[in-house]
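Listed below are the residues making up each chain.
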Amino acid sequence: MDTTHFPWLTISILFPVLASFLIPVIPDKDGRTVRWYALIIGLIDFVILVYAFYTGYDFNNSNLQLVESYTWLPQLDLKWSVAADGLSMPLILLTGFITTLAILAAWPVTLKPKLFYFLMLAMYGGQIAVFAVQDMLLFFLVWELELIPVYLLLSIWGGYKRLYAATKFILYTAIGSLFILVAALAMAFYGDNVSFDMHTLAAKNYTLSFQLLVYGGLFIAYAVKLPIIPLHTWLPDAHGEATAPVHMLLAGILLKMGGYALVRMNVGMLPDAHVYFAPILVMLGVVNIIYAALTSFAQRNLKRKIAYSSISHMGFVLIGLGSFTDLGLSGSVLQMVSHGLIGASLFFLVGATYDRTHTLILEEMGGIGRSMPKIFAMFTACSLASMALPGMSGFVAELMVFVGFAISDTYTLTFKIIVITLAAIGVVLTPIYLLSMLREIFYGSENQHLTSHEALVDAEPREVFIIACLLIPIIGIGFYPKLLTKVYDSTTIAITQILDNSLNKLTLPQSYRAIMISEATVHSPSLVFIRAPEIPGLIKGIH
Amino acid sequence: MEAIYQYAWLVPVFPLVGSLILGLGLISFDKTAANFRKGSAILVISLLGVSMVLSIILLWTQIQGHSSFLQVIEWAKAGDFRLTMGYTIDHLSALMLVIVTTVALLVMIYTDGYMAHDPGYVRFYAYLSLFSSSMLGLVISPNLVQIYIFWELVGMCSYLLVGFWYDRKAAADACQKAFVTNRVGDFGLLLGILGLYWSTGSFDFTVIGDRLSNLLESGAIGTGLAVLMGILVFLGPMAKSAQFPLHVWLPDAMEGPTPISALIHAATMVAAGVFLIARMFPVFEHLPAVTNVIAWTGAFTAFLGASIAITQNDIKKGLAYSTISQLGYMTMAMGVGAYGAGLFHLMTHAYFKAMLFLGSGSVIHGMEGVVGHDPVLAQDMRLMGGLRKYMPITATTFLIGTLAICGIPPFAGFWSKDEILGSAFAAQPALWLVCWLTAGITAFYMFRMYFTTFEGDFRGNDQSLRQFLKREAIHGFSISVGPGAMHADELSLNPGDDHAHGHHGHPHESPITMTLPLLILAFPSVLIGLVGTPFANYFTEFIHPPVATGSLHLGVTHGEEFNWNEFLIMGGSSVGIALIGISLAFLMYLSHRIDPGAIANRFPALYGFSRNKWYLDDINDRLFIQGSRRLARAALETDSKVVDGVVNFTGLITLVTGEALKYFENGRAQFYALIVFGAVLGLVVLSGVSG
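Those protein sequence lines, which keep their order, are chains F and U.
Reading the first sequence from the start, the letters are residues 102 to 644 in our numbering.
Reading the second sequence from the start, the letters are residues 2 to 692 in our numbering.
Do not rely on the hints blindly, as some may be mistaken.
Unchecked claim - Partial selection, computed: residues in chain U whose CB lies under 10 angstroms from chain F:
1) A77
2) L161
3) Q177
4) R184
5) F188
6) G189
7) I409
8) A635
9) T639
As the list claims (entries may be wrong) - Cut-off 30 angstroms, straight-line C-alpha distance, at most; resulting in silico cross-link-like pairs (DSBU-like, lysine-lysine):
10) F:K606 / F:K475
11) U:K78 / F:K606
12) U:K39 / F:K583
No lab work stands behind these hints: they were computed from the structure.
Just so you know, these numbers come straight off a predicted model, no measurement behind them.
Where is the CB? At the ideal position from N, CA and C, for every residue including glycine.
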């Protein structure tokens, strides 16, 4: 027990889980009470998180904060240890935010509401735990536990092929997570002292081949979750069948677990191996961007289209991770948060549209803009956010990844030009599929078949509220990115520092010469000039 | 005066506030807000009016010699990377501020009349205001990234406004085409910006220019690489300012309401490309290969646009190609280093082209009273004729605009075009020749337009002609989209719409809100050229490039003695060819001494080439649209058959052989999860005990 302060993080994890156990005893026939109950619990937990970070978190500190550690199995050095740093804190807040909104988005759920909200609350705690725990074994446990509510939410409330999708999801992720267990055990028993504590593990001196092996294992697990092509095929199925609230959680939070774990473990704990894997990450990122964008363009099913667009956007996370610059890494984290918000908003709107049209096939839609102008407007705004329009968070994230990769001194010029050009093609492809989608849903002369439908009403205030809640941070970050980047800036700098050390230490094999420069000898020409920082608010005349 | 500079950032903020108020109102209380028409219009117009006054004061102080002003704040930071945002007020931005606010204000007043019966009246004002805000933000941007940000935002506004009538299929296609084509340009611009940052470590124009010249001198980066970056940056202006081959979106963008065509697609946004080239001048001046590409692209585009404009029958399409052509002039001027001349033409063109477009809107408005709300009929010049009788104000102002664009002295266009031609001649006579010929074609197609629209007899009540045009539209439509296009019923030949609006028999003059902006715009169209006459070129003196240039000509008028001989030869030749063009148009379309149809029949290939816009849209469709569709389908096939196929196959083998499949189908996965959990827990306990 080395906790000197109130255990806010533990509380925020356990509170929704414990609260969920009360749901079965709530007297409620039609599910109206229970949804209010869940929403209030969600809100309280979010407030707890905000308060905890507001009072106990220092932005300029790159170390773990709000640390709580309770010994569980002393023989194994297994501890219940949770903490937050710049990497996990924005994601924890995102979790609280999106999950609360997802509960509000689930308002119309009428099938087994008690079970539904029970699972939602259980997930709430579980997801925070994934981002907060600081023990490898514990991480594996919460990662696995997280699967159960998702599986059930998919298989009970999903579409026609829900069982196929849910089974595929759980097989994929469960097999992937076995690698986490193996890697955790291997790392724990390496060397003299047995420990699962991430800090201790990161400090161990692994041999390079060991690092590469463990990195590879963990990489497969997280590649499934992120997802990275070709391990992505569970996602279109799962997303294609999920209901809107589950969808929001999948896109908003679950995908980020993969990205978070990649940064936390692969990059932070195995930096030597990362030097070898980084070009592969970058290349996979490019494949993600282009391949998924093309697939999305050809998709005729609305949910699957957006699902593929998620995959495409995750490519930027990978490129940023492989950039070896604080700017690129910062862009990766920003892209995760930003996509969490944008993806959630798009999936919610897809759900809202489906509730009205009862079809997801684009051919059967069209010409419904006039009868639902608000949904049209919100859909347009969120699609524009998704195609990285400036003034919205996605643009800043992508720009930071682009610039970060461009100024990276680790790669050869040829490799950088190829990667950036291909990634920028993705920037052209994104509006093609998103604008085509908008055109096929809303534009064109009125669709008599659909508009005669009595359910085709415009957005209700609840829906406008949810989208407004998501758009405010999207636009806020887009207008002033320092709002978010300053939260984790010190952490990403610290991680880049670790990577720089590894880079300088290692001599790369011959085969890497074409894409990477091992010694820091060749710099981009810009380093000739002193990068004098401009002083904020400086007034000066030119000419 | 310093205080006004401290608050100059309010110029783009005022219209932003206006659009936010209207936008939030529409989202929150749609019916009520949509009915609050006059109030919304007055709010937006007065907010922009304040911006205009501020801009004029800023320009005035700049003319008085106030030094440039720059204010920035730190916007993004990661490690030692810092990105600042802010605003800069110098000669160029002050001038652009005034151009944008004045044209935007007049267009907003005009909109009240033009959109009076449209249910989307308030939404239109919200978009207009948002666009003005973005455009004003663009012109005061102090660095490349901020320019890129607003660059995309004006593109978004253009998307929203072109697709304003979203239930028209043509508008839906056009807005997407506009956005995607511009993204192709932005792709280049982004890569160029990244390259320049990689090599110079800055986003600031002058800093990039200085450092780039250092690097080139010291050989730290190759010329080829620097040229590549310059051309990539130029891709941005190429799309935004509709230069070949990325011009294809602009004519289609005419599907948007006419005030938009005037403001965005003639006066302001499309000029942003030229503006960016002007801003990038300190960089481009070190790269003569790039300026050559710019100059030739501009000259070629000028010719291309003019050659297509001569056969267009849709009055707005004709003007759109004319805009492309005029933008080509400006781009070419920038390419040959005639900084002042290019911007001068930008300014004069903004006023007279805005007036021409608003005039065409007034014509369409008048025609709609006769033929109904059908763009196929209301915009076709073959149904017009003799409108001078019914719409005298529109006709007079249109004539002034036509004279201005043809380059007849002393109208505005003459002075700016003459300066460009002079600079082109000084730089490369071949460029001058292309532009000189184009000037003749310009005079021809503009007077063709004027004569067929306003002179002769009114043809709007010719029912057989209407049927013919309808049939032609559908015919052309089915060729480009193919059979089985959605909602073929909307194209039915039944002219039911006509009767709904009743026959007036003849068109009527537009209301005062529409004619007033036309009358006001007539003044700059006549007079504003006088600030840049070769005898006393105040304009070029004011708008000199930010750094003294060495390698390039700065245009004939800059710092040189005025030479009457030279002026008379250059001016005389351009007026001469314009007069030839006008005479031809007169003979063909007014006195009918020459039959244009016969000429078209004589050279069917050439006529078809121009009529079909050099077949560029067809090439574009076959190559890029169909190509990307095929590629996307191939990717999807691979994904579902190959990648997912492997997964499902593996899954099948492992599952079918056991009882697992049946088990999972029962949906009792809780049990599975319990097993996983139990196993893990057991593992932990086991290792705990044994350890």
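A quick look at each hint next to the structure:
no.: 1; hint: A77; verdict: holds, 5 angstroms
no.: 2; hint: L161; verdict: holds, 8 angstroms
no.: 3; hint: Q177; verdict: holds, 5 angstroms
no.: 4; hint: R184; verdict: holds, 5 angstroms
no.: 5; hint: F188; verdict: holds, 5 angstroms
no.: 6; hint: G189; verdict: holds, 9 angstroms
no.: 7; hint: I409; verdict: violated, 37 angstroms
no.: 8; hint: A635; verdict: holds, 8 angstroms
no.: 9; hint: T639; verdict: holds, 8 angstroms
no.: 10; hint: F:K606 / F:K475; verdict: violated, 57 angstroms
no.: 11; hint: U:K78 / F:K606; verdict: holds, 28 angstroms
no.: 12; hint: U:K39 / F:K583; verdict: violated, 40 angstroms
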